[in-house]
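The listed protein sequences derive, respectively, from chains A and B. For the first sequence, my numbering assigns the number 534 to the initial residue and increments by one for each residue that follows. For the second sequence, my numbering assigns the number 534 to the initial residue and increments by one for each residue that follows.
The set of hints was computed from the structure by calculation and includes no laboratory data. No residue lacks a Cβ here, since even glycine has one placed at the ideal position from N, Cα and C. Worth double-checking, as some hints may not be accurate.
[Claimed, not checked] The following label-pair restraints were derived from C-beta to C-beta distances:
#: 1; chain 1: B; residue 1: PRO831; chain 2: A; residue 2: PRO710; range: 23 to 33 Å
#: 2; chain 1: B; residue 1: ALA732; chain 2: A; residue 2: LYS752; range: 45 to 55 Å
#: 3; chain 1: A; residue 1: GLU597; chain 2: B; residue 2: PRO826; range: 43 to 53 Å
#: 4; chain 1: A; residue 1: GLU827; chain 2: B; residue 2: SER575; range: 28 to 38 Å
[Said to hold, decoys possible] Taking beta-carbon pairs under 7 Å as the criterion, some of the chain A residues facing chain B (in silico):
#: 5; residue: GLN703
#: 6; residue: ASN790
#: 7; residue: LEU792
[To be verified] Over 12 Å on every C-beta distance to chain B, these chain A residues come out as not near it, computed from the model:
#: 8; residue: THR567
#: 9; residue: LYS594
#: 10; residue: SER611
#: 11; residue: ARG757
#: 12; residue: SER765
There are 2 protein chains.
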Amino acid sequence: MTHRICGVDLGGTKIEAVVVDAEHKVRGKARIQTPTADGPGSVVEAIIEAITQAAADARVKPSELSGVGIGAPGAVDSETGVLTRAPNIPGFEQPYPLAETISKAVGCPVKLGNDVGVAVRGELELGAGRELQHFVGIWWGTGVGSGVVLNRKMWHGRGAAGELGHTVIQRGGLAEPSGMLGTMEAYAGRRNMETRAHAAVEAGRETNLFALMEQIGKKRLSSRVWQESLESGDELAAELVGEAIDAIAAAAANVVNILDVEAIILGGGLGSRFGQPVADRVAVAMQPYLFLPESSPPVMVAELGDLGGAIGASLLIGKQS
Amino acid sequence: MTHRICGVDLGGTKIEAVVVDAEHKVRGKARIQTPTADGPGSVVEAIIEAITQAAADARVKPSELSGVGIGAPGAVDSETGVLTRAPNIPGFEQPYPLAETISKAVGCPVKLGNDVGVAVRGELELGAGRELQHFVGIWWGTGVGSGVVLNRKMWHGRGAAGELGHTVIQRGGLAEPSGMLGTMEAYAGRRNMETRAHAAVEAGRETNLFALMEQIGKKRLSSRVWQESLESGDELAAELVGEAIDAIAAAAANVVNILDVEAIILGGGLGSRFGQPVADRVAVAMQPYLFLPESSPPVMVAELGDLGGAIGASLLIGKQS
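Here chain A stands alone, though its shape is the one from the complex (with noise of 0.2 Å):
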């Protein structure tokens, strides 16, 4: 029988899926918006509803499927396939049994992963880190989110550890939504780029964000908006990324500080957008935190693209001997 394996990566916008084969090449593919309803239930909906869209792009039935792996935003327990908690997905405020609920609909073995989790351990398994002993994957989205991967595994600790986003970088410094003063995040995170835009109009600067917003056709200052407002010499745009491109090299340093990895992989909607130019610019700007400047791991691109998430969520699924 034919083996094939279903990724779905649940962003708080979107949803993608993928049916990969054996060798993880992708077979078919969907994207669905993600619905803003209360409850979970519209969610779930779209999630199986994304899941038989790939698979008929792929031409098996969802049964069919050896496996489905999902890559949630939030706290995840892997072991029951429990959603514990996903702020930035309506309806996923408390613990919901997202695994089971998809496995008896679509009728074959669900496993639920940290959508960070999975894209790294793509990275790791198929990208960027695929020859690489120890990295840290940052995934800059609208949280930056990250995985530590030591002596080719991911790194667990008691079950928590990748919070580089939420490291302290400036003490007293800007608050992120959590309350939080002074972490990467809260300088790097594009929704708090996005208040930071907000505030700095109604400050009185000037910025073509929000146009390019509304041209585009967007509720939220997107990747894609930031990247082209960069790309027309916008000023706050500029000083935005800047300020967000030193503190993650500021966190990235601390990790290399402490961890001497091999290399800093960076993904996610933004990194993976503005690419290897602003991860250059993230290198250069590790320096003055670096203990050995001298010895700087190289900042790669994540190399699965917009696909690395869900393609790494099917790596949740084992092959079948």
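Starting from the known structure of chain A, arrange chain B on it as the hints suggest.
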């Protein structure tokens, strides 16, 4: 034949040597002031003298030792036994074949390790970390060194891991002598605390720190001076120690956010002298910097005490079969 190992802790102010038996029990010890004359010759002689005295105290000849392990501050090549650079030891600004030189003089094998690395390994195998799977040791002294233990092994990365003292917590903040700004050590290293105390006195602040230093007969604000000043209610000492605690807490919380380790072990001259009351203050100060304050790991005090560095160094010599 009796199995006796010597461990040496080479410090900027003193050289501590112990001779231990196969069960790591201390059978002899010696302490010698670190010579301040230029050139490595006098320091090498002092190390040999410390080994000889500790061996005599344990009733063995130096040549009968199974080996000597030396923990040295600075960059160490543990393969070749070369002390690459030890800025705190007069005469060791250039690479020096320390293990080979001592081995020829003493007549037994000599191994070299980083001082904080061997002290943390001592805690891992014989001290506060003996039942932990993973922890970070923070050695609070003249500088602030650290050691990362993962799955009961020291983590070295590409060879230079463990520089938690040089991670940034306050971009653009206080300078440390290396020129790095706003690092934890800039606030918490004893040398930098002394610099700040001098500056405060020049700015008109009152303190008993320097009077106590002279009473005790020291040339530096030693750990004992800080402790006695703090206990006397000195306001400047309380303020600077408080700021050091907050800096250590911020960096410790960062490493917990990244690695989610089971514990922080606090050691070093100041850490060991201040003991559990200050470790408890570090734990409290970590709270606002933790992403998951409810699962804050314990902050423990190193158990091997003053001789921990020398005992840890003895572990560089494996047991003979």
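Consistency of the hints with the structure:
no. : hint                              : result
1   : PRO831(B) x PRO710(A): 23 to 33 Å : holds, 29 Å
2   : ALA732(B) x LYS752(A): 45 to 55 Å : holds, 52 Å
3   : GLU597(A) x PRO826(B): 43 to 53 Å : holds, 46 Å
4   : GLU827(A) x SER575(B): 28 to 38 Å : holds, 31 Å
5   : GLN703                            : holds, 5 Å
6   : ASN790                            : holds, 4 Å
7   : LEU792                            : holds, 5 Å
8   : THR567                            : holds, 24 Å
9   : LYS594                            : holds, 40 Å
10  : SER611                            : holds, 15 Å
11  : ARG757                            : holds, 29 Å
12  : SER765                            : holds, 28 Å
Consistency note: the structure conflicts with none of the earlier hints.
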